[in-house]
Each structure stands twice: as structure tokens, then as C-alpha cells.
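*Asks:* As given, the protein sequences belong to chains Y and Z, one line each in that order.
All the letters of the first sequence, read from the start, carry residue numbers 692 to 866 under our numbering.
All the letters of the second sequence, read from the start, carry residue numbers 7 to 386 under our numbering.
You may find that some hints are simply not true.
Stated by the list, open to error - The calculated label-pair distances, taken between Cβ atoms and stated as ranges, are:
#	chain 1	residue 1	chain 2	residue 2	range
1	Y	G767	Z	R310	17 to 27 Å
2	Z	K76	Y	I760	36 to 46 Å
3	Y	L823	Z	F65	27 to 37 Å
4	Y	F831	Z	T343	30 to 40 Å
5	Y	A845	Z	I18	46 to 56 Å
6	Y	Q854	Z	L32	39 to 49 Å
7	Z	P194	Y	A845	19 to 29 Å
8	Z	A371	Y	G767	21 to 31 Å
9	Z	A120	Y	A832	49 to 59 Å
10	Z	S378	Y	A845	34 to 44 Å
11	Y	F828	Z	G195	25 to 35 Å
12	Z	P324	Y	F831	26 to 36 Å
13	Y	F828	Z	P346	20 to 30 Å
What the hints assert, rightly or not - Here chain Y is said to cover these stretches of chain Z; the calculated rule only asks that three of the stretch's residues, wherever they fall, bring their Cβ under 8 Å from a Cβ of chain Y:
#	region
14	139-146
15	200-208
What the hints assert, rightly or not - From chain Z, some residues computed to sit far from chain Y (all C-beta separations above 12 Å):
#	residue
16	D55
17	F65
18	F101
19	Y151
20	G161
Quick caveat, the hints were computed from the structure, so don't treat them as lab data.
From the three backbone atoms N, C-alpha and C, an ideal C-beta is built for every residue, glycine too.
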Amino acid sequence: MRFDFVEPVVFAVLAFGVIGAGAAVVLLNRVTASALLMALSFLCMAGMFVLLGAETIAAFQVLIYVGAITVLIIFGVQFTKQGGDRSYALFFQKQYPLAAALVAAVAIPVVLFAFSFNAPAPQPGGGDIRPLATSVFTDFAFAFEVASVLLLAAMVGAIVLTQRDEPEEATRRRR
Amino acid sequence: MPVGPFGLDPLIWGPLRLVIAVALALFLVLNGALLQIYLERKIQAIIQDRLGPYHVGPFGLLQTFADAIKLIAKEDVRARATDPWFFLAAPALVFCPMLASWVVLPFAQDIVGADIDIGLLYLTTLGSMTVLGIVIAGWASNNKYALVGGLRSAGQLISYEIPQILALVSVALVVGSLSMVDITRSQPGPLVNVLVLPLSFVIYFIAALAETNRTPFDLPEAESELVAGWLTEYSGMRWGTMLALSEYGNVTVVSSIVTTLWFGGWQGPGVDALPLLGVLWFTLKVYGVIVVMMWIRATLPRLRIDQLMTFCWLGLIPLALLNILVVAVLALAFPDTKIPIAIASWLLLLAFIAGIPFVQRRRLASLRARASASAVRAAS
């Protein structure tokens with residue numbers, strides 16, 4: 692028994708998920724639904740990574756984008772007014788021809804570029820965590836460290852910005 | 007013909023193991039929840055000098071089954087002001103990641119759904135997805151208590167994820183693998199990881215209590231403050247899926263991770279002769295951890311939200327980072343033996359426990375000084 696037919700089917704489902712959810716994020720009128728569908732799009736994208744043999748990237752995709760960033764966005768959305776008369780999808784509702792032309796102008800070169808790739812040989816089993824770790828900590832060690840310092844600076848900055856004033860200082864400022 | 011485990015052709019064994027693992031997971035999630043609710047009631051009753059459930063069935067064993075049937079038979083209530091789609095989607099969003107976690111848990115030798123080599127990362131990833139369901143549930147309920155519960159939960163889960171993952175890192179450093187099967191295999195003898203890395207075990211256990219919303223970290227559903235937190239608007243089987251199945255399922259997943267990482271998983275006496283004995287050892291160890299969690303629930307009061315956050319960000323995270331530093335240096339310096347790591351880890355743990363009173367005293371003193379200063383200002 693061969694299971695070769697499974698992979699294209701899974702790919703089709705995931706591709707439909709990515710594109711459908713992505714389109715819905717842009718076209719839907721409700722912010723919360725958009726945020727949640729964005730999470731679905733990220734999840735399908737993680738499935739794509741798994742199909743390509745990059746399980747670690749898939750895991751990080753879910754961990755960071757679904758587990759952290761979407762929650763942050765939903766946090767923000769919860770404090771905005773819901774169901775108002777303002778439309779969040781102005782562009783696509785009012786100017787279909789312009790939007791279609793713009794999308795085509797971007798999509799056609801991308802598709803042509805994508806078709807120019809040859810299918811790479813599938814990776815032998817054994818997972819991708821070791822190659823990934825080796826390349827991150829040897830070939831790209833400098834870039835990795837620079838990114839780490841940048842993130843650390845951003846984190847310290849966020850903490851300083853959100854820190855509540857000491858009561859003495861607050862009263863001094865009030866005077 | 008190649009021969010896989012149990013003398014079966016690998017081509018048959020591959021799909022069969024997935025079927026076994028999924029069936030086992032469903033069976034254990036559904037029955038485990040009933041058993042754990044019963045255990046929870048009985049253990050709390052014993053500790054609080056009560057009888058607990060004893061009317062339905064022998065020793066009240068059928069009480070939780072009766073409760074489950076009641077939940078299924080209940081009317082499906084949905085308030086009109088709730089958000090129709092998200093209100094229905096939230097229980098699934100909470101339940102599905104929990105169920106998916108069971109795929110990588112090794113119940114015994116070769117009884118594991120999938121031995122993926124990033125098993126540990128996979129489990130943390132799925133654990134982080136629960137937050138989404140809880141926040142959505144709190145928001146979609148259109149209820150102040152539910153919203154506050156959901157937001158508290160998001161803050162708590164995102165914060166405690168950090169020490170949880172950092173504690174796992176030290177185990178990965180010592181074992182050198184993220185696969186749950188390899189981690190189990192690396193502790194064959196009496197020197198299980200809890201003796202080598204007691205500090206990371208303690209950090210993980212505390213963070214796991216917070217991640218599963220167990221007392222003393224059950225603020226998201228604090229019934230005396232928030233009615234039922236993010237579960238306020240839910241009833242019937244939707245409530246049952248969210249609370250009974252997902253929460254107790256998560257408790258089991260976390261206990262299984264503790265068992266696999268620190269207590270040698272399915273390994274125990276007689277496993278080499280009879281591999282299926284591993285299921286028994288694994289279950290016994292998991293339920294040992296669960297009983298400790300219930301014991302803690304019956305013993306400790308609930309924390310305040312600021313205490314919860316302070317403890318995580320100023321206590322657990324620096325400690326976990328220090329732990330990683332020490333373990334990494336010692337693992338590089340002594341690649342052949344685990345003894346130096348064990349000594350250092352026990353010393354750190356002792357310092358942590360001994361240091362708590364000092365830190366508490368200093369914090370109390372500073373709080374008192376601030377309070378008296380503001381009193382003086384108010385008087386003047």
C-alpha cells in the first residue's frame with residue numbers, strides 16, 4: 692500500500708487554509724474574527740513547514756505567532772470598540788478594480804518566480820533541529836547575537852516605559 | 007521482511023501505533039477526568055476531615071459518572087449577547103491543543119504516537135495555544151467577570167510559560183535531546199533526573215501549577231472573586247469540555263512531562279522482561295504527581311495577582327536563568343558525569359529555599375516603610 696497521495700491532499704488543505712484565512716483577514720469587517728483567522732493562517736503555514744521537513748520552524752511559528760503575537764493582538768482588540776459603523780476593510784470594498792490590479796501586479800511576478808524553482812530533494816529523516824542549531828550558532832552566530840541584543844534592548848525599553856512611578860516621584864511631579 | 011516492535015511488520019506497526027496512541031489518549035482523557043475529579047474530591051475531603059462523595063456507587067465511585075451524564079443531558083444555554091461564533095469555538099480551541107499533546111507522550115517502550123525529535127518543543131508549543139482559547143472564551147462571553155478572568159489568565163499563562171520553558175532547557179542540556187523517548191531512555195538507572203536537576207524540577211512544577219490554573223494559582227477562575235472567571239457564561243457539556251476535560255487533561259499532560267523528564271518515564275523494575283509493564287509504571291508515576299497537585303490545592307490559599315506576577319518575574323525567571331547558566335557550564339566542563347551538576351543543582355535549590363524568608367522579610371520591611379511614609383504624608 693502506498694501513501695503518496697496523502698501529501699498533496701494535505702498540501703491542498705493547508706494551501707486553502709492559508710489563502711482562505713489570509714483573504715478573510717483582509718476582507719472581514721470584524722477585528723476579532725480577523726485576528727483569530729490570522730492565527731488559523733499561521734497554523735496552516737506551520738503545517739506547510741512540517742510538509743517541507745522543517746518541524747522546528749513550524750513549532751516556533753506556532754509558539755511565537757499563534758501563542759504570543761495573536762494573543763497580544765486579541766488583547767489589543769478587546770479594548771477597542773466593537774460593532775461600530777466604521778469599516779475596517781475600506782480599501783477593498785470601495786475600489787475593487789484598483790485592488791485587483793494591484794494584487795495582480797504583485798502576485799504574477801511572485802508566481803512566476805516561484806515556478807522558476809526546482810523541487811529540492813527531500814531531506815533524509817532525522818529532523819532539522821541539529822542542522823538548524825549548527826547553522827544558527829556557527830555560520831550565523833553574529834547575526835543571531837545582534838538580533839538578541841536588539842531584542843534585549845527592546846525588552847528593557849518596554850519595561851522602562853511601562854514602569855509605574857514611585858509614589859514619592861509621582862507626588863513631586865503633581866506639585 | 008523487516009521486523010518492528012512486537013514482531014510486526016513496520017509498515018503495519020506505523021499506522022497501528024498511531025491508532026493505539028490516539029485510542030489510549032481519548033480513553034485516558036475521558037476516563038482520567040472522571041477519575042481525577044473523584045480523586046480530587048476524596049483527597050480534599052480526607053485532608054479537610056470530611057467524607058467526600060459516598061452515596062453513588064461503592065465509595066461514591068460513580069458520583070463523577072452521574073455528574074458527567076448530568077452535564078451531557080443539560081440544556082445548551084447561550085446568552086443572547088454573547089458572540090455566536092467565538093463562544094462556540096472557544097471550548098474547541100482549549101480542548102484541541104491538549105488532546106494533540108498526547109501524541110508524543112511515551113506510555114511505554116514503543117507505545118508512543120509519534121517519536122518526533124522535537125517532542126519537548128512540540129509540547130511547549132501546544133501549551134502556549136491554550137491561552138488563545140481562554141482569552142477568546144472570556145471575551146466572547148460578553149461578561150465583565152469572564153473578561154477579567156480571561157485577561158488574568160492570559161497574563162498568568164504568558165508569564166509562567168517563560169520559567170516553564172527555561173526549566174525544560176536545563177533537562178535538554180543534560181540529556182542532549184528533545185525527543186521524549188530519548189529523554190526517557192537516558193535515565194535507566196536509579197539516577198533519574200530529579201536527583202540530578204532538582205531545581206529545574208521545582209521551577210517547572212511551580213510554573214506548571216500556574217499553567218494548569220491549579221491552586222495556588224487559580225486566579226482566572228477564582229470563584230470567590232470572579233464568580234467562575236472565564237467560565238462564567240458556560241454551562242452543560244461546553245463547560246464540561248472546557249473545565250473537566252481540558253483542565254484535567256492538561257494536568258495529566260503536565261504530570262506526564264514531569265514523569266518523563268524527571269522521574270524516568272515508563273522505566274521501572276521488570277520493564278525489560280515485560281515491556282507493557284511500562285504503562286503501569288508510567289500511570290503510577292503520573293498519578294503520584296497528580297496527587298501531589300491535589301494535596302497542594304487542599305493546603306495552600308490563593309495568591310493575589312501582583313504576588314503572582316512578582317513571584318514569576320522577580321523570582322522564578324532569574325532563578326531559571328541562573329540554573330541554565332550553571333548547568334550549561336558544568337555540562338561543558340564535565341561531559342562524562344552528572345555528579346557535579348547534581349551537587350550544584352542541590353546547592354542552588356537549598357539556597358533558594360533558605361533565601362525565601364530573607365527576601366520576604368526585606369519585602370515586608372520595604373512595604374511597611376512605604377505605608378508609614380504615605381501615612382505621614384496624609385497626616386501632614
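*Asks:* Need the list of violated hint numbers for this structure, in ascending order.
*Replies:* 3, 7, 8, 9, 15 and 20
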